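Keeping the supplied structure of chain A fixed, place chain B upon it in accordance with the hints.
So the chains spell out like this:
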Amino acid sequence: ELKVEQNPLFLSMQEGKNYTIYCNYSTTSDRLYWYRQDPGKSLESLFVLLSNGAVKQEGRLMASLDTKARLSTLHITAAVHDLSATYFCAVDIKNTPLVFGKGTRLSVIA
Amino acid sequence: DTGVSQDPRHKITKRGQNVTFRCDPISEHNRLYWYRQTLGQGPEFLTYFQNEAQLEKSRLLSDRFSAERPKGSFSTLEIQRTEQGDSAMYLCASSMTRSQDTQYFGPGTRLTVL
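As you go down the protein sequences, you meet chains A and B in turn. Under our numbering, the residue at position 79 of the first sequence is numbered 79, and the numbers go up by one with no gaps. Count along the second sequence starting at 1, add 1000, and that's the number in our numbering.
Extracted from the complex, chain A is given alone in its bound form (with noise of 0.2 Å):
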């Protein structure tokens, strides 16, 4: 059964300050997502990663996948207040249904 924990489960950091959250999954999958959710709304689509190497970034956030250790990471560089909200990577095995980790819920303060 696969499975998908991340780390931490919580984090507060303050704006301007660097820092990551790890995703690590249980059996070698095809794809990675991360996703945003802000409270009581739904889920937007960050990135895919592909492949074992891939890296992306958008803005502040940057994601990156290492298949052979089954772990992939969201590095936040100098966040801002309009980070905060909980962040869920996904994985799923050749187009089937995604397999989410518990989330990690970012609070960005002054």
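Worth double-checking, as some hints may not be accurate.
Said to hold, decoys possible - So these bits of chain B aren't anywhere near chain A, every CB distance computed over 10 Å:
#1 D1007
#2 R1015
#3 Q1017
#4 E1052
#5 E1083
#6 S1087
#7 L1114
Unchecked claim - So the derived label-pair ranges between C-beta atoms look like this:
#8 L1039/B <-> T20/A: 21 to 31 Å
#9 E58/A <-> E1078/B: 34 to 44 Å
#10 L1039/B <-> E58/A: 40 to 50 Å
#11 E58/A <-> L1114/B: 39 to 49 Å
#12 K68/A <-> S1005/B: 36 to 46 Å
#13 G53/A <-> Q1017/B: 46 to 56 Å
#14 M62/A <-> Q1017/B: 42 to 52 Å
#15 R1015/B <-> K68/A: 47 to 57 Å
#16 S1005/B <-> K56/A: 26 to 36 Å
#17 L1055/B <-> K41/A: 20 to 30 Å
#18 S51/A <-> S1066/B: 36 to 46 Å
Note that these hints are calculated values from the structure, not bench results. Every value quoted in this text rests on a predicted model; they were computed, and no experiment measured them. Ideal Cβ placement from N, Cα and C applies to all residues, glycine included.
This is chain B only, laid out in the frame that chain A set:
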């Protein structure tokens, strides 16, 4: 708006009542998924369709739950004899069966069972 839409956005019902939710996927997407999300958790898969065929159902989907996608376009999720434990956000997502296609999520239907 060409995104995934869901209706209703909120539903409050009494225990034992039946409820039905609707999802309209992105028009060219042939796959449609239902997930359930409870507070503080990630979404959990319930069932999915490719065109009108229901390809997989989760163990979470008890006999009280049924989903349809009769013409391969919109889908409905019905819960019969609702229980308080059914209270959750029900999310619909759609995608194409291409190797790099992401699942796009709708706004969700928040169900509260009193």
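Consistency of the hints with the structure:
1. D1007: Its Cβ never comes within 10 Å of chain A, the nearest being 14 Å, so this holds.
2. R1015: holds (24 Å)
3. Q1017: holds (24 Å)
4. E1052: The assertion about E1052/B holds, with a minimum of 17 Å to chain A.
5. E1083: Given that every Cβ of chain A is farther than 10 Å from that of E1083/B, nearest at about 23 Å, it holds.
6. S1087: At about 15 Å from chain A, S1087/B clears the 10 Å cut-off, so the statement holds.
7. L1114: holds (20 Å)
8. L1039/B <-> T20/A: 21 to 31 Å: For L1039/B and T20/A the Cβ distance comes to about 26 Å; the hint holds.
9. E58/A <-> E1078/B: 34 to 44 Å: Hint holds: Cβ distance 38 Å, inside 34 to 44 Å.
10. L1039/B <-> E58/A: 40 to 50 Å: This hint is violated: roughly 28 Å between Cβ atoms.
11. E58/A <-> L1114/B: 39 to 49 Å: Holds, since E58/A and L1114/B (Cβ atoms, about 41 Å apart) stay within the stated range.
12. K68/A <-> S1005/B: 36 to 46 Å: For K68/A and S1005/B the Cβ distance comes to about 40 Å; the hint holds.
13. G53/A <-> Q1017/B: 46 to 56 Å: holds (52 Å)
14. M62/A <-> Q1017/B: 42 to 52 Å: Given about 47 Å between the Cβ atoms, the range holds.
15. R1015/B <-> K68/A: 47 to 57 Å: holds (49 Å)
16. S1005/B <-> K56/A: 26 to 36 Å: holds (28 Å)
17. L1055/B <-> K41/A: 20 to 30 Å: Since L1055/B and K41/A have Cβ atoms about 28 Å apart, the given range 20 to 30 Å holds.
18. S51/A <-> S1066/B: 36 to 46 Å: Taking Cβ atoms as reference, S51/A and S1066/B lie about 38 Å apart, which means the hint holds.
Hint check: a violation occurs at hint 10 only; the rest are consistent with the structure.
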